[in-house]
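S.K.: My numbering applies: residue 1 is where the sequence shown begins, and numbers increase by one.
Since the hints were derived computationally from the structure, they do not count as laboratory data.
Where is the CB? At the ideal position from N, CA and C, for every residue including glycine.
Treat the hints loosely; a few may be bogus.
Claimed, not checked - Subject to a maximum C-alpha distance of 16 Å in a straight line, what follows is the list of computed EDC-like cross-link-like pairs (lysine to aspartate or glutamate): (1) 153 / 134; (2) 96 / 56; (3) 72 / 110; (4) 96 / 58; (5) 27 / 105; (6) 72 / 105; (7) 27 / 80; (8) 153 / 140; (9) 72 / 23; (10) 96 / 157.
To be verified - Restraint ranges, calculated between C-beta atoms of paired labels, are given here: (11) 142 / 36: 40 to 50 Å; (12) 3 / 138: 30 to 40 Å; (13) 55 / 98: 15 to 25 Å; (14) 106 / 7: 24 to 34 Å; (15) 110 / 7: 23 to 33 Å; (16) 107 / 142: 38 to 48 Å; (17) 16 / 107: 19 to 29 Å; (18) 144 / 13: 40 to 50 Å; (19) 130 / 43: 21 to 31 Å; (20) 7 / 105: 39 to 49 Å; (21) 23 / 110: 36 to 46 Å; (22) 27 / 134: 36 to 46 Å; (23) 114 / 150: 13 to 23 Å; (24) 27 / 142: 39 to 49 Å.
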Amino acid sequence: ARRLVEAGARYVALNWGGYLGFDSHTKNYPTMRAILPPFDAALAALIEDLYERGLDRDVLVVAWGEFGRTPKVNENGGRDHWPNVQSALVIGGGLKMGQVIGATDRMAGEAVERPVHVQEILATIYRHCGVDPEHTQLIDPTGRPRYLLDHRKPIAELI
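Working from the sequences, and respecting the hints, build out all of it.
M.R.: Written as structure tokens, this is what we have:
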């Protein structure tokens, strides 16, 4: 990913999937024990590389899934899809780092402090990429203008 950025790529997407992906409906704990250490090492190496090369202000790294996981383990030892709460790791891009925004209850089942809408994360990413999330519109198939997002404000704490 770092070499692609150095070569001029404006956007790089990585998918940590395959056989041992994060979709752990069964055997959650052994699966996470197997995939989290290499994921952590790869992410840390990328971040270190970006900082060492002075790319940290230009490159925004986002580690984020499309939803969270149930607070309780299911009968198969896994965790199912949970739209109520999820986490996103946002690093670099000239944003204000070193903070946790929001909080959940003790079971990580519901947001109890400063909920962040997923579209706020997208608005923050758009802003970093030079797209104005608050005003940019596209024309839909019926010819009507539509904003990119319903929640168009970037995460203020990061800006």
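S.K.: Hint by hint, where does the structure go against what was stated? Just the numbers, ascending.
M.R.: Of the numbered hints given earlier, those the structure breaks are 5, 8, 14, 15, 18 and 21, listed in rising order.
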